[in-house]
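Colleague: Mapping the sequence shown onto this note's numbering, position 62 (from 1) lands on 241, and the numbers just tick up by one.
Hints listed in this document are in silico derivations from the structure and should not be mistaken for laboratory results.
It is possible that part of the hints are untrue.
[Claimed, not checked] DSS-like, lysine-lysine: derived pairs with alpha carbons at most 25 Å apart: (1) Lys440 <-> Lys364; (2) Lys253 <-> Lys402; (3) Lys391 <-> Lys402; (4) Lys228 <-> Lys196; (5) Lys273 <-> Lys364; (6) Lys402 <-> Lys362; (7) Lys253 <-> Lys234; (8) Lys405 <-> Lys391; (9) Lys196 <-> Lys246; (10) Lys273 <-> Lys196; (11) Lys253 <-> Lys228; (12) Lys451 <-> Lys405; (13) Lys246 <-> Lys391; (14) Lys440 <-> Lys391; (15) Lys246 <-> Lys228; (16) Lys391 <-> Lys451; (17) Lys440 <-> Lys405; (18) Lys451 <-> Lys440; (19) Lys440 <-> Lys402; (20) Lys402 <-> Lys364; (21) Lys273 <-> Lys228; (22) Lys364 <-> Lys405.
[As the list claims (entries may be wrong)] Label pairs and their calculated CB-CB ranges: (23) Asn424 <-> Arg452: 17 to 27 Å; (24) Gln199 <-> Asp220: 14 to 24 Å; (25) Val446 <-> Asp285: 40 to 50 Å; (26) Gln398 <-> Asn203: 35 to 45 Å; (27) Asp285 <-> Arg384: 12 to 22 Å.
Ideal placement from N, C-alpha and C gives every residue a C-beta, glycine not left out.
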Amino acid sequence: MISIILPVYNGADYLEKSIQSVLNQTYDDFELIIIDDCSTDASSEIAQKYAAQDKRITYHRNDVNLKLPASLNKGFSLAQGEYLTWTSCDNEYKENALEVMAHELDQDPDLGLVYTSMDIMDEHGLTISSLDAGDPSDLIFRNVVGACFLYRANIAQRIGEYDVSLFLCEDYEYWLRIAGVSKIKNVPDNLYLYRRHSKSLSAQRERDIIEKGIAVQRQYYPKFVKSHEQAAIFYAHLRARDIYNPLRQFYLLMVLWYSPKVFLSEVFGLIKRRFV
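Between the sequences and the hints, there should be enough to build the whole structure, so can you do that?
Modeller: Pasting the structure below:
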């Protein structure tokens with residue numbers, strides 16, 4: 180069985196579409212655990228309506244606003260599935276998402292986590308772009324996992340809960356923990372619809388997400404970066420990502436220190452972007 184946690188906070192605008200995308204799955208051996216983080220809109224009514232109609236759906240409301248990582252931990256403490264995932268109240272699965280990901284885990288007992296490519300849609304549900312699943316070896320450089328994933332419950336038991344101090348970046352740090360103890364794999368199929376809109380956390384808190392993500396990368400750098408070339412690439416990614424740091428160009432000195440070859444590639448790239 181797959182346990183799906185669906186945290187929601189004032190997500191009534193798209194919640195019904197998100198729940199319906201779970202119910203439309205070709206893989207039907209799942210439980211959907213909805214954690215309402217003290218919503219003040221119609222989220223509660225929508226969630227309870229579906230819970231009353233389908234025994235696979237349960238609804239739980241927090242007594243106080245816990246924010247995302249603590250709500251996830253509460254949901255997973257209730258989960259009974261062999262495989263685990265969570266989704267957002269404004270996003271949607273494609274119909275075969277769970278089936279494809281579960282098959283990948285079924286085929287390889289050494290695989291701890293799988294993740295997929297996804298389509299990006301606007302607030303009206305129109306697809307505007309796509310995002311390919313990144314290579315697992317690039318995880319230390321950026322969050323390649325994205326929003327559509329499935330992992331083993333026994334891996335979760337081994338590495339523990341989501342870090343509640345890392346609100347907005349709890350998922351990235353968790354994937355790094357999983358990658359430290361098991362294989363992870365990308366599935367190139369686009370199996371998810373990720374919605375971009377002005378009310379989303381990612382849109383409202385971009386700076387916090389970037390700065391916390393960089394802190395996580397620095398924390399896990401010693402575990403994942405094993406060569407001078409990887410170190411140079413790491414600092415090149417930091418320079419590109421740390422857009423709120425006025426001194427970020429000094430990362431180029433670290434790139435030069437670790438790999439003149441990577442440094443030259445970065446410099447030529449900067450020149451090309453400026454003059455071409």
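Colleague: For each hint, tell me whether it holds in the structure or not.
Modeller: Against the structure, the hints come out as follows:
A threshold of 25 Å between alpha carbons decides the hint, and for Lys440 with Lys364 the separation of about 29 Å lies outside it, so the pair is violated. Pair hint Lys253 plus Lys402 does not hold up; C-alpha atoms about 29 Å apart against a cutoff of 25 Å. Restraint check for Lys391 and Lys402: satisfied, since their Cα atoms lie roughly 18 Å apart, inside the 25 Å limit. Annotation: proposed proximity of Lys228 to Lys196 holds, straight-line Cα distance about 13 Å (limit 25 Å).
Restraint check for Lys273 and Lys364: satisfied, since their Cα atoms lie roughly 19 Å apart, inside the 25 Å limit. Distance restraint check for Lys402 and Lys362: the Cα-Cα separation of roughly 15 Å lies within the 25 Å cut-off, and the hinted pair is therefore satisfied. Restraint check for Lys253 and Lys234: satisfied, since their Cα atoms lie roughly 19 Å apart, inside the 25 Å limit. Simply put, Lys405 and Lys391 have alpha-carbon atoms about 23 Å apart, close enough for the 25 Å limit, and the pair holds.
Proximity of Lys196 to Lys246 is assessed by CA-CA distance (about 22 Å); at most 25 Å being required, the pair is judged to hold. Between Lys273 and Lys196 the CA atoms are separated by roughly 11 Å; this keeps the pair inside 25 Å, and the hint holds. Using a Cα cut-off of 25 Å, the hinted pair Lys253 and Lys228 holds, with the two alpha carbons roughly 21 Å apart. Taken as a hint, the Lys451 and Lys405 pair is broken in the structure, with Cα atoms around 30 Å apart against an allowance of 25 Å.
Proposed proximity of Lys246 and Lys391 is supported: the alpha carbons are some 16 Å apart, at most 25 Å. Under the criterion of a C-alpha separation no larger than 25 Å, the hint pairing Lys440 with Lys391 is inconsistent with the structure, at around 29 Å. Taking the CA atoms of Lys246 and Lys228, the gap is near 23 Å; set against the 25 Å cutoff, the hint holds. As the CA atoms of Lys391 and Lys451 are separated by approximately 30 Å, the hinted pair breaks the 25 Å bound.
With a C-alpha separation of about 17 Å, the suggested pair Lys440 and Lys405 falls inside the 25 Å cut-off, and the hint holds. Taking the CA atoms of Lys451 and Lys440, the gap is about 17 Å. The hint holds against a cut of 25 Å. Proximity of Lys440 to Lys402 is assessed by CA-CA distance (about 23 Å); at most 25 Å being required, the pair is judged to hold. Restraint check for Lys402 and Lys364: satisfied, since their Cα atoms lie roughly 19 Å apart, inside the 25 Å limit.
Pair hint Lys273 plus Lys228 holds up; C-alpha atoms about 22 Å apart against a cutoff of 25 Å. Restraint check for Lys364 and Lys405: the C-alpha separation of about 20 Å stays at or below 25 Å, so the hint holds. Checked against the hint of 17 to 27 Å, the pair Asn424 and Arg452 passes, with Cβ atoms roughly 19 Å apart. The beta-carbon spacing between Gln199 and Asp220, approximately 18 Å, falls within the hinted interval of 14 to 24 Å.
Range check, Val446 to Asp285: about 47 Å between beta-carbon atoms, so the 40 to 50 Å window is met. Checked against the hint of 35 to 45 Å, the C-beta distance between Gln398 and Asn203 comes to roughly 39 Å, which is consistent with it. For the hinted restraint 12 to 22 Å between Asp285 and Arg384, the CB-CB distance of approximately 37 Å leaves it violated.
Consistency note: the structure conflicts with the earlier hints numbered 1, 2, 12, 14, 16 and 27.
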